[in-house]
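Put chain W on the given structure of chain P with help from the hints.
Below are the chains, spelled out letter by letter.
Protein chains: 2
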Amino acid sequence: MKQENLIFTPGPVKEFPEIIALGGQQTPYFRNQEFSQVMLDCQEIILDLVNAPSGSKVIVLTASGTAAMEAAVLNLVAPEHKTLSIVSGGFGQRFADICKIHQRDCSIFHPQKDDDLSDTQSLEPFSDHQALLINGHETTICHQFNLAQVGQFCQKNDLLHIVDGISQFLTDPLDMQEQSIDALIISSQKGLALPPGLAMVILSPKAIERLVPEPATLYFRFSDYLNNGQRGQTPYTPAVSIILQMHKRLLQIKSQGGIKTAIAHTQSVAKLFRKGIKNLPLSFYSACMPNSVTALILTNTNNASDFVADFEKKHHIVLCPNGGELSKTVFRVSHMGNITHEDTRKLIHALHDYFGINI
Amino acid sequence: MKQENLIFTPGPVKEFPEIIALGGQQTPYFRNQEFSQVMLDCQEIILDLVNAPSGSKVIVLTASGTAAMEAAVLNLVAPEHKTLSIVSGGFGQRFADICKIHQRDCSIFHPQKDDDLSDTQSLEPFSDHQALLINGHETTICHQFNLAQVGQFCQKNDLLHIVDGISQFLTDPLDMQEQSIDALIISSQKGLALPPGLAMVILSPKAIERLVPEPATLYFRFSDYLNNGQRGQTPYTPAVSIILQMHKRLLQIKSQGGIKTAIAHTQSVAKLFRKGIKNLPLSFYSACMPNSVTALILTNTNNASDFVADFEKKHHIVLCPNGGELSKTVFRVSHMGNITHEDTRKLIHALHDYFGINI
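Residue numbers (our numbering), protein chains in the order written: chain P, 10 to 368; chain W, 10 to 368.
Careful, some of the hints might be misleading.
Copies of the same chain look alike in the list, so a pair counts if it works inside one copy or between any two.
What the hints assert, rightly or not - Calculated lysine to any residue pairs in the SDA-like style (CA-CA distance at most 20 Å, straight line):
id	residue 1	residue 2
1	K109	V221
2	K109	E223
3	K257	L235
4	K322	L15
5	K109	P88
6	K109	A225
Hints were generated in silico from the structure; no laboratory data involved.
Bound conformation, chain P alone:
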């Protein structure tokens, strides 16, 4: 496959050379002290990066982010509880679908297009619920919610605040204490810039206390992960090679100044890009954009997916088409991972060239 293409897709993202290189080594045996230490180190750094409350734990699943969303519902939402799902796009709908499949009593709230829930008045009718499911950043449309306000609403009304932060981790603020997050879902192939295959759920002590006692799952049973996690192990064979890459990447982030440096980098890349395309026939889809990804509307044509394919062919740069209803009008550009200012300038130049507009 064309692994020399420059990718601006929101997972996989452009990775870091020293982390990529580690993928090219023999997978070691892992049921030993040395690997346990790797796992315990990863947990410690991740908890620090998201400012998790004392006593929090990280569940490492070998699976996609969707699996972690399903696992969170199975383990944290009891069948007798009422749950609110915030649905503003494909990933919000996925949370609602998961609740339906597992026969959870789920209310659905569709926010207005540019409502980021900075005002949570509209959530008041659901204040008697026990849990709230939200995609902090609804990646299909690049719409970011005000998690601090949603968290405050949850805390005031004692709802478990369950957040899919998959495309916010390391690129946009995620702070479990400031945003009152009880369970936070992240994955390997976004800000972490690793190959896909790992999804993590970070549980606060409150979430651990409220675990469903006998969830209808073996592979996703959090209590087994917590028990094995005490000695730095997982109940089933994990994606060892990706965990070793994660370990190195987390140490890299730590040595480079931690979460603030990581977020500041992506923010500067996103700003550079958004400023650089203002003369082009492109407009922003969302009014509440995260740093991680930009959703763009093509204003001079009606075939965004054809544009993405044609642009890749001409410039060897991969952008991301949207699916479903928006596939004709919207495409996305990721700023996550190892995307540099130089890469971004290259993209801006290529877009100007494509549209025949001087920079």
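Okay, now just chain W, sitting in the frame of chain P:
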């Protein structure tokens, strides 16, 4: 981690240099024709390697083998059906546990220690059941069943024959037609010698026909994988880097003579090892050994796990301790993946050296 150690563990196993190298490349974007073709190629080669009946399909899950076992139960065993689980060790018990968690009506049959079910008379009381779950090779004790006979029993009585062939694929005979297998579970880190992270379920047309219509799972819903699989895609982001390695490895197997060559290699390695240790204070645990792994009893001491740790320290060779009840007496040596005759002779020498016995 010590990636230069020679590992004889049954997953991860010793990998092939050219496949390892491919892990050291940027993960490409995958929602495109090129990756679809990789997936379709993988399916075609896997179906050929296990002699799957025409119309069979491969479900590729990003998860461990246990997840694939659970997925098979969720999708293939209806709650109203009676299922038989053959339990002779830890992995058989896992199938039974999965049935219990998902409230399946499951009978358990414990074969006698050296019974490989070449005679299926003992299964007759279960002939009214709708499905049979078996670990073709119960890896915890290296006991291999006669799948052809079990398959014949299933076919005669119209039970769905669901086989965990995880530690048999490419090392021991697995033939869906000859052994009347309806669903076959395999994974990436055994005979395929890839990093862990992928598990596959190969479904015969009969299994596809009998899929549970609304299984209580999103991530493991086979119908979604079959729909997406038609165009060579998966419903959720898969472990792309490991799939690319699998593709190269499958092409390698094909070019080297296919399944017969692969099995013959592991068989010759296992024979060399078993013959080479006859003077040592070791005896075979099982009378029905597969080619893939040898379970050994230490006859001169009562601490197998200490022996494994001490042997690794002295010789930088990693063997596999058993868990549970057998941890004091039994350990295992894998012959899967890229273990060569030279590696095996090195192990035989090291064992003689360790025990102070001339070769």
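With identical chains treated as interchangeable, where does the CA-CA distance between K109 and E223 reach 20 Å or less: within a copy, between copies, both, or neither? Close inside one copy (19 Å) and across copies (11 Å); limit 20 Å.
Alpha-carbon proximity between K109 and P88, which holds within one copy, between copies, both or neither at 20 Å: both (11 Å within a copy, 18 Å between copies)
Please work out whether the CA atoms of K109 and V221 approach to 20 Å or closer within one copy, between two copies, in both situations, or in neither? Both, since 17 Å and 17 Å are each at most 20 Å.
Taking 20 Å as the upper bound on the Cα-Cα distance, should K109 and A225 be classified as within, between, both, or neither? Cα proximity of K109 and A225: in one copy and across copies (14 Å, 10 Å).
At most 20 Å between CA atoms: does that hold for K322 and L15 within a copy, between copies, both, or neither? within (12 Å within a copy, 44 Å between copies)
Is it within, between, both or neither when you check K257 against L235 at 20 Å Cα-Cα? neither (23 Å within a copy, 36 Å between copies)
In this structure, the one hint that does not hold is number 3.
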